[in-house]
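With the hints as extra help, turn the sequences into a complete structure.
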Amino acid sequence: MNTVMTSENLTSGDIVINGSVGTPFCDDAKMSMRNVNVFYAENQAIHDVSLDLAKNQVTALIGPSGCGKSTFLRCINRMNDLIPQCKVTGSFVMDGAELYAKNMDPVLLRARVGMVFQKPNPFPKSIYENVAYGPKIHGLATSKSELDEIVETSLQKAGLFNEVKDRLDKPGTGLSGGQQQRLCIARTIAVSPEVILMDEPASALDPIATAVIEELISELKEKYTIAIVTHSMQQAARVSQKTAYFHLGKLVEMGDTKQIFTNPSHQLTENYISGRFG
Amino acid sequence: MTTTHLAFAVIIIALFSYWLGIKRAITVAGGEQHTRQLVSLPSQYGLLTAFWCGLPAILFLLIWSAIEASIVDSLLIQQVMLTLDTTAQQNMSLLVNNIKILAEKVQLNEDVSAATALQLQHAAYYTELNTKATWLKTLLTLVIAVGCVAVLLTKIKQSFHARNNLEKIVSGLLFTCSGIALLTTIGIVMSVLFESIAFFSKVPVTEFLFGTQWSPQIAMRADQVGGSGAFGAIPLFVGTILISTIAMCLAIPVGLMIAIYLSQYASPRLRSVAKPMLEILAGVPTVVYGFFAALTVAPLIRDFGILVDLPIVAESALAAGLVMGVMIIPFVSSLSEDALTAVPAALKEGSIGMGATHSETIRKVLFPAAIPGIVGAILLAVSRAIGETMIVVMAAGLAANLTFNPIESVTTVTVQIVSLLKGDQEFDSAKTLAAFALGLMLFITTLALNIAALKIVRKYREQYD
Ligand SMILES: Nc1ncnc2c1ncn2[C@@H]1O[C@H](COP(=O)(O)OP(=O)(O)OP(=O)(O)O)[C@@H](O)[C@H]1O
Ligand SMILES: [Mg+2]
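Chain order of the listed sequences is A and B.
Start counting the first sequence at 1; every next residue gets the next number (the UniProt record's numbering).
Start counting the second sequence at 1; every next residue gets the next number (the UniProt record's numbering).
These are computed hints drawn from the structure, not numbers from a lab.
Note that the structure is a prediction, hence the values are computed from the model and not measured.
Think of the CB as a built atom: it goes at the ideal place given N, C-alpha and C, for glycine as much as any other residue.
Each hint can be trusted.
Here chain B is said to cover these stretches of chain A; the calculated rule only asks that three of the stretch's residues, wherever they fall, bring their Cβ under 8 Å from a Cβ of chain B:
(1) 76–83
(2) 187–193
No more than 27 Å apart at the CA atoms, straight line, and that leaves these computed lysine-lysine pairs for DSS-like:
(3) A:Lys223 x A:Lys136
(4) A:Lys119 x B:Lys364
(5) B:Lys132 x B:Lys105
(6) A:Lys119 x A:Lys165
(7) A:Lys119 x B:Lys459
(8) A:Lys87 x A:Lys119
(9) B:Lys364 x A:Lys157
(10) B:Lys132 x B:Lys100
(11) A:Lys165 x A:Lys125
(12) A:Lys119 x A:Lys250
(13) A:Lys165 x B:Lys364
(14) A:Lys157 x A:Lys223
(15) A:Lys157 x A:Lys125
(16) B:Lys364 x A:Lys170
(17) B:Lys364 x A:Lys125
(18) A:Lys102 x A:Lys87
(19) A:Lys55 x A:Lys258
(20) A:Lys55 x A:Lys223
(21) B:Lys459 x A:Lys125
(22) B:Lys364 x B:Lys459
(23) A:Lys136 x A:Lys170
(24) A:Lys157 x A:Lys144
(25) A:Lys144 x B:Lys364
(26) A:Lys250 x A:Lys87
(27) A:Lys125 x B:Lys455
(28) A:Lys136 x B:Lys364
(29) B:Lys364 x B:Lys275
(30) A:Lys55 x A:Lys250
(31) A:Lys144 x A:Lys125
(32) B:Lys168 x B:Lys157
(33) B:Lys137 x B:Lys105
(34) A:Lys55 x A:Lys102
(35) B:Lys459 x A:Lys170
(36) A:Lys170 x B:Lys455
Pasting the structure below:
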């Protein structure tokens, strides 16, 4: 099958998206998003999406390119505030607090909801400084030794410490792509966030580096709540417990990963995961 | 025909041969409808013919004009030698000159009764030589132009690659142009170098580089005073450094803040207004800055000095430095802004995503990442400041005081070069030659700064590629 994916053939036929099917909500939600709409100027990128991120679980966001996965993810830690023409409506609640409330400081929020980007983006500083960056700006360490410890444990959690312990003072940009991405993960967990958002964290990596990252994600979910955008069905199936399928800015189906991949309820989901689109 | 007339004639022939070339190409192809059989377009044949006609003829004209005068002169001298005894030959150049003037007078029907018969004879010979030369020039040029066209027209066949030949000619022309620029640069450097060497044969290098006395006036007559002729350039170097430092102290912080504001905070609307404004600031002629400094800023500073009971001289280093600082703000800000915007957006997002504020992100991530570019910008600005002339000529003094005090009057290398060469000068006196030595120092310094800046800028470019 090599159908070219356009908006026409995705909505064509009798398939309609009428609200979302499956189980987008759960009892032990870390974050609850309700009736989210996102506009880029006049252009609506997200249409009335409601879902929960379950505590200490990995939620995978999948869907064809341009369906709004990144947009939705970036709303969760208010990265879209950086885009002037972007307008967000709806409610985002984390532990009972509304993220878009007037008294919510987006800077503090981003320390609680960390983000790992598609392309590794270490700062042009030493490996040590990269990891120490967050703790320093948030004043998490009162002494040098405390900072050292944070850096070491973060690197250890990211599975990078043994590889770089002899060259912590060397530039982070000198690492391999996979190491750089793990450095970025270490950098993110160094500020002890509660939620980690990952936007295609392994798309620039080779299979071995990808496997390392996936293993890391599985370990991290013990302590953190994770949302991950991915284009790889296998990856979503391997690392996530919940999967949300987006289509043209709408949430089509969400539920347990096992159930989504073995027995999807919606025709579009089935088309997508069986490789008929994208 | 004069050379200008001839050049025009050649151009007209060239235009005509453009048409000829096209005609010929069409004929060779066998008519308008068959031009596709040619390997090149008809107009390319035309252009090639025109170039072939014009270029050799013009080249010949140029060479001829360059050597004509000296050939005519040497022929004239030969003739004069035959008719004069050796004693009169001492002043040959004067003689030849007189003959030329006489020839001109004869042509203009002026009074030549004072001239001897022999002189008149020589003048007539000179006129004759010139006429012959002009005829020869005209003839040869036209023959070359027409001849080249004829040769080329016979060459045009269906398989003649006019396109490729044209390409070669164009690249040759471009090469010549860049060669001219290069040669000019080398020429300037050489002349400055040789004059400097001449200067250093009169004044020792060590005295020039390490002497602390600058007073280039040399007594021309015994009764003049004050002309000791000391060429210690240290006060000038210090003055230059002082004024440039003041300028940079203003330009670096202000320029960087402008760069940060424009690249990070300003709305697109504001940026679209502010950037052209800054570019206008860079485009203001320096002489305008000069009288702004001399007439507005300097008195202001002096009045302020009176207010706080500080004796500030009218031509203080401070005034010149501050205005120069304003002048180079755009250099710092525009290049630094480029460096800041060149930092990948991913780094900024990474930092913001970590919970850093905007200003923390700028200070800790964007700025360090852009540092090489910013250093390059600053070095370029410094070399601008050191080489700047007009502002300091108008606003700084001429007194070569050895001081680091910004409220006193100092002078700079460029100001001294101007004042050394101002007015009528003997061209081989130490005073005049000193200007070249100063120029050489300036050239070496700015060149070194520019090379360093370019190296750094290039290095940072590679960083993100
Ligand atoms: N900065 C922006 N300005 C305007 N429109 C944008 C912007 N970013 C995204 N969009 C639009 O929003 C829609 C969703 O984009 P988004 O990046 O969220 O898709 P995605 O699902 O992440 O796609 P991909 O899998 O290719 O990364 C697209 O139609 C896109 O054109
Ligand atoms: Mg995306």
